[in-house]
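Enquirer: If you want the building blocks of each chain, they are given just below.
2 protein chains.
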Amino acid sequence: MAGREPVARGEQARRRVLHAALDVLADDGMPGFTMESVARRAGASKATVYRHWPSASALLVDAMDAEFRPLADTDTGDLRADLVSLLTRFASSLADSPFPKLMAAFTDAAERDPALGDLHAELTRRRREPLLRLVRGAVERGELVAETDPELVVDLLAAPFFYRRLIAHQAMPADMPGAVVDHVLASLRRTAG
Amino acid sequence: MAGREPVARGEQARRRVLHAALDVLADDGMPGFTMESVARRAGASKATVYRHWPSASALLVDAMDAEFRPLADTDTGDLRADLVSLLTRFASSLADSPFPKLMAAFTDAAERDPALGDLHAELTRRRREPLLRLVRGAVERGELVAETDPELVVDLLAAPFFYRRLIAHQAMPADMPGAVVDHVLASLRRTAG
Numbered sequence: 081m082a083g084r085e086p087v088a089r090g091e092q093a094r095r096r097v098l099h100a101a102l103d104v105l106a107d108d109g110m111p112g113f114t115m116e117s118v119a120r121r122a123g124a125s126k127a128t129v130y131r132h133w134p135s136a137s138a139l140l141v142d143a144m145d146a147e148f149r150p151l152a153d154t155d156t157g158d159l160r161a162d163l164v165s166l167l168t169r170f171a172s173s174l175a176d177s178p179f180p181k182l183m184a185a186f187t188d189a190a191e192r193d194p195a196l197g198d199l200h201a202e203l204t205r206r207r208r209e210p211l212l213r214l215v216r217g218a219v220e221r222g223e224l225v226a227e228t229d230p231e232l233v234v235d236l237l238a239a240p241f242f243y244r245r246l247i248a249h250q251a252m253p254a255d256m257p258g259a260v261v262d263h264v265l266a267s268l269r270r271t272a273g
Numbered sequence: 081m082a083g084r085e086p087v088a089r090g091e092q093a094r095r096r097v098l099h100a101a102l103d104v105l106a107d108d109g110m111p112g113f114t115m116e117s118v119a120r121r122a123g124a125s126k127a128t129v130y131r132h133w134p135s136a137s138a139l140l141v142d143a144m145d146a147e148f149r150p151l152a153d154t155d156t157g158d159l160r161a162d163l164v165s166l167l168t169r170f171a172s173s174l175a176d177s178p179f180p181k182l183m184a185a186f187t188d189a190a191e192r193d194p195a196l197g198d199l200h201a202e203l204t205r206r207r208r209e210p211l212l213r214l215v216r217g218a219v220e221r222g223e224l225v226a227e228t229d230p231e232l233v234v235d236l237l238a239a240p241f242f243y244r245r246l247i248a249h250q251a252m253p254a255d256m257p258g259a260v261v262d263h264v265l266a267s268l269r270r271t272a273g
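Chains as they are written, first to last, in this note's numbering: chain A, 81 to 273; chain B, 81 to 273.
One chain only, chain A, in its complex shape (with noise of 0.2 Å):
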């Protein structure tokens, strides 16, 4: 193989990499994660995959990460539209993608190995922050109560969606993200006058 890929290649390269990677997870969970399996997956040597990322577990945080990605940020300045539009892609990418399977990998493997159990904090860390800034404004603006434990209330709101899908293996109907939103909100509006 020849000398150093132009950028744009690489970058190509980069991405059927994380791919494939959550392909490995999904499919063998993490005892076949290795930089060899995804490697071979992604249909790349892997000098390739070690170009990017030093290690498994720093290939394995971005994979993740990307695939958390649609989680993005959005204020409209209408909480509870907000809120029940983040939790409605939520729900869909707990219903229809790869990203049940790869999260049931990563908390199987996270109770198993310390540093994954890390990384995986820091994962759902980040995931939450979209939530966490939509209730920590709200307080900040007084639109919901001074008392209002935000890091509580992104458990309330994000909670009930891993829970029926993972543990409960229950159906999470179209109006869920609607229901819960209304539940938990409804403790911390400040009443008028």
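Since no wrong hints were added, every one of them can be taken at face value.
In this list, chains with the same sequence are indistinguishable; a pair is considered to hold if it fits within one copy or across any two.
Under the rule of at most 25 Å between Cα atoms (straight-line distance), these lysine to any residue pairs were calculated in the SDA-like manner:
no. : residue 1 : residue 2
1   : Lys126    : Met115
2   : Lys181    : Arg206
3   : Lys181    : Arg95
4   : Lys126    : Ala106
5   : Lys126    : Glu91
6   : Lys126    : Gln92
7   : Lys181    : Pro253
8   : Lys181    : Arg94
9   : Lys181    : Arg120
10  : Lys181    : Pro194
11  : Lys126    : Ala93
12  : Lys126    : Pro111
13  : Lys126    : Ala88
14  : Lys126    : Gly112
15  : Lys126    : Ala195
16  : Lys181    : Ala106
Think of the hints as simulated: they come from the structure by calculation, not from any bench.
Place chain B on chain A using the hints.
Expert: Okay, now just chain B, sitting in the frame of chain A:
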């Protein structure tokens, strides 16, 4: 080995196998969970294990069910206190025991094997029953508003503990059960008059 064991010894062996099953699952995950490995860990013969369970799946469900039992029924008539008491015991089993490791292993395995997914759903359903009964009772006697969706309320109550322990890897402070219950009940209480 000779003849039938007396009932008491049979029951003792059964419990030893159930304990060994949880140990094997916690240590090795689902890939290592076989009738052979459980029998070996229990110091029992494979015949003893097969006398009580037809398959590894049946053994697994009984073992997980035994581990879930601490969430026994309680109904003092004080809804908040009863919910806090159940969730406190639940949080403590998620914090201290092999339970979270078992849950994580089962969660991952359920994604790969639909039959295990059904078993996981059934175990979760059983574990939810005491909470569900309390919420339904409170609706029936008019303490919670009639529009309450008991299943969603139980999701909101139970999910944050799984999520914090298995997904976010954050602490569950001693006041978390009370804070979760207060948040969730706030929107459901019938206001006087």
